[in-house]
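2 protein chains.
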Amino acid sequence: MPTGSVEIVAVGTELLLGQLVDTNTPFIAQRLAESGIDVYATRAVGDNRERIAAAIREALARAAGVITTGGLGPTVDDLTKEAVCDALDLDTQLYAPALERMEAMFAALRRPMRPNNRKQAELPRGSRPLSNPNGTAPGFIAFARDGGFVVSMPGVPREMKPMLVEQVVPFLRERFGTGEAIYTRVLHTIGIGESEIDHRIGDLFACSENPKIAVLAHDFRADVKIMAKSSSAESAEAAIAPLQQAIEERLAGYVFGRDAETPASAVHSQLQARGWRLAVAESFTGGRLAAALTGVAGSSQSFTGAVVAYDDSVKIGQLGVNAGSIGDFGAVSEEVALEMARGVRDALGAQIALATTGIAGPGGATPGKPVGLAWIALVDALGRQRASRFELSGERETIARRATTIALGMLWRHLAH
Amino acid sequence: MPTGSVEIVAVGTELLLGQLVDTNTPFIAQRLAESGIDVYATRAVGDNRERIAAAIREALARAAGVITTGGLGPTVDDLTKEAVCDALDLDTQLYAPALERMEAMFAALRRPMRPNNRKQAELPRGSRPLSNPNGTAPGFIAFARDGGFVVSMPGVPREMKPMLVEQVVPFLRERFGTGEAIYTRVLHTIGIGESEIDHRIGDLFACSENPKIAVLAHDFRADVKIMAKSSSAESAEAAIAPLQQAIEERLAGYVFGRDAETPASAVHSQLQARGWRLAVAESFTGGRLAAALTGVAGSSQSFTGAVVAYDDSVKIGQLGVNAGSIGDFGAVSEEVALEMARGVRDALGAQIALATTGIAGPGGATPGKPVGLAWIALVDALGRQRASRFELSGERETIARRATTIALGMLWRHLAH
Chain Z
130 MPTGSVEIVA VGTELLLGQL VDTNTPFIAQ RLAESGIDVY ATRAVGDNRE RIAAAIREAL
190 ARAAGVITTG GLGPTVDDLT KEAVCDALDL DTQLYAPALE RMEAMFAALR RPMRPNNRKQ
250 AELPRGSRPL SNPNGTAPGF IAFARDGGFV VSMPGVPREM KPMLVEQVVP FLRERFGTGE
310 AIYTRVLHTI GIGESEIDHR IGDLFACSEN PKIAVLAHDF RADVKIMAKS SSAESAEAAI
370 APLQQAIEER LAGYVFGRDA ETPASAVHSQ LQARGWRLAV AESFTGGRLA AALTGVAGSS
430 QSFTGAVVAY DDSVKIGQLG VNAGSIGDFG AVSEEVALEM ARGVRDALGA QIALATTGIA
490 GPGGATPGKP VGLAWIALVD ALGRQRASRF ELSGERETIA RRATTIALGM LWRHLAH
Chain S
130 MPTGSVEIVA VGTELLLGQL VDTNTPFIAQ RLAESGIDVY ATRAVGDNRE RIAAAIREAL
190 ARAAGVITTG GLGPTVDDLT KEAVCDALDL DTQLYAPALE RMEAMFAALR RPMRPNNRKQ
250 AELPRGSRPL SNPNGTAPGF IAFARDGGFV VSMPGVPREM KPMLVEQVVP FLRERFGTGE
310 AIYTRVLHTI GIGESEIDHR IGDLFACSEN PKIAVLAHDF RADVKIMAKS SSAESAEAAI
370 APLQQAIEER LAGYVFGRDA ETPASAVHSQ LQARGWRLAV AESFTGGRLA AALTGVAGSS
430 QSFTGAVVAY DDSVKIGQLG VNAGSIGDFG AVSEEVALEM ARGVRDALGA QIALATTGIA
490 GPGGATPGKP VGLAWIALVD ALGRQRASRF ELSGERETIA RRATTIALGM LWRHLAH
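Quick note, the sequences are listed as chains Z and S, same order.
Just so we're aligned, residue 130 is where the first sequence starts under our numbering, counting upward by one.
Just so we're aligned, residue 130 is where the second sequence starts under our numbering, counting upward by one.
Don't read these hints as lab results, they were simulated from the structure.
Note that the coordinates shown come from a computational prediction; the quantities given were computed from them, not determined experimentally.
Heads up, a few of these hints could be off.
Identical copies carry no separate label here, and so any pair may be met within one copy or between two of them.
Unchecked claim - Computed list of lysine to aspartate or glutamate pairs in EDC-like fashion (alpha-carbon distance at most 20 Å, straight line):
no., residue 1, residue 2
1, K290, E524
2, K341, E229
3, K358, E179
4, K341, D206
5, K358, D441
6, K290, E366
7, K358, E163
8, K248, E526
9, K248, E309
The following block holds chain Z by itself, in its conformation from the complex:
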């Protein structure tokens, strides 16, 4: 159990002007939650020395420690270190290793080092430096006389994130002596609604305090999270495994992956298991399916390519769709979707093919064919084929994104079963 809590203070006037969305604070909050460390409150303040110092003092009055991000750079607007010194009544001292590292970096770049860079190597007296392999400004942990502490990290996410995970979280876990951490297993589902999930596994929620279960709904997908508070990875795994097995059995046919897996990576695993290659024909999804599939490293082994047949002439010329089918049934129809899938499979030399055709809007609706209407078809080397009709809601980009998720889900289920 946590024996202390922290507050997070994000520094930067651009945050108060709404010019920048602060993603650092939720990232830190998540990592702390996983380690069983409570966050009492979070806040954002501008680049103002007095206000930053006041925020730190207020936070330390309630919480055991404060974590700040931002304001450690070399410019006159970067005032976090000075404010920490004010709040804790400390002066600064030169941190020699940081200075040496900075001198080496500037020498390598053949650029002169300015006095304001040198300032970055000065840290509050008695503080513990946090090394920054991805930038010039080191972070630090400064200590108040009454036992409170302030962790200050740079605001650039690429610099802050590894510093937090590798240096700050271990410090906090030791400091708070939690011993326990929260271990999480995520089961990703597709094609099943939140209420149906609740119906099938709701009784497991009720009887389980540790591990805890939570369902997080996304657009046409849902994640089941199993969270175990435990003193070791092994004991956590032992607590999670039976629940995971029960949930996977009850949701059989819908769980496409675990933890970092995505619909696209699950599709690639299935393709590789069969030695199949996939081709895609896209109309209104306009490249989004191909982009999702090529987002997976190594996807070239199981993805041959795609034809974005936005214009009907491309459907006919590249995919061999019958002009007659378009004339008789319209470009958004079961027949054309299936012909697109067959055409791209043959043209691109694949064993399985997926095709989308639909109306993303805002224009393009006709009587009986509203904005959001979609046909998704697939055909495989065994001669199996299927096509499904959907009516999707939302704006243009939302409709295209939803169709992409649905198409990946259809393809995964076809391959997995």
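With the hints as your guide, set chain S onto chain Z.
Chain S only, in chain Z's frame:
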């Protein structure tokens, strides 16, 4: 000039656990900045009555008013109204119009109204209700005896945003008597670095207090923002226009659009002006160029389609690339990029074509061809062609996204000049 400032308090334990990224606060901050109203600080607190009340009291000690979001729903976790009453020492009173509206809604849905819904129609005594056409919970503005105020709005963005824009901002502008608002014109550039922009227009920054100028750098793009504080749109336009003209002249050839325009929409405008249609051949960008181009409503008029030639067999079979060129120069080469562009232009019946080939990583590098190497080519109906080589840094998705931006920029410049 603003005569007061506000603090924003977001309520919700999920914010402290990092389960939800707070987009309400930046949205509110932006709208207030545009209206010339200062935000002193922002914070997030959990669903805890005492802590919410304490946050409101602290904020009111510094700022003229507080804006809260979240915690107005019907559940036991929704405690913002109670906390506002605690902080301002007020009790509640029933707000009859909200109750009537709620009763009508439940009757229409044929669902019974619960006592906890009735609770939502009770507001802090003496407060001004804020109607909520998109949900059940009304917002309110509660008043402290010493002149401070608390604006409370629901946390659902779809409910909060219109309430803020239509009801809260007018209240604040009247309250603070600013009369003035900030009007903004954004000029989007591509293909020019931040330091070169600074070199060309830096003197305009220095001599201009109102309108103000700011440069915001994105990945391979930069925006120049001109912000005029003014009492009317007409006088703002009169102040912005000469500066805009001067900046556009000095950055001629790089400003692709204004305000809501994107690189893709600028490309479509250029294509439509010429009556040209575009085709795209993508290798490592894997559909991202097509997705960006089809994100523009009405793009079917000037975009025929794309071939995502992920596998070399598709480059050869669909695009007519010479197997010999791939053998001699490699798939990531000037020759293959140009052949892809010519091939897709001819195959898809377009007047202009764009092609990308590169190594997104993490695998695929060969001696002399590192991860991040990219060739982007274009050919048009007038026989003009060009190909450029880039070395991009970042992870797989970043490299693909950067190449997409660069390709759109190349295409826009070719069309515009």
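When the hints from earlier in the document are held up against this structure, which numbers fail? Numbers 2, 3, 5, 6, 8 and 9 - these are the hints that the structure violates, sorted from lowest upward.
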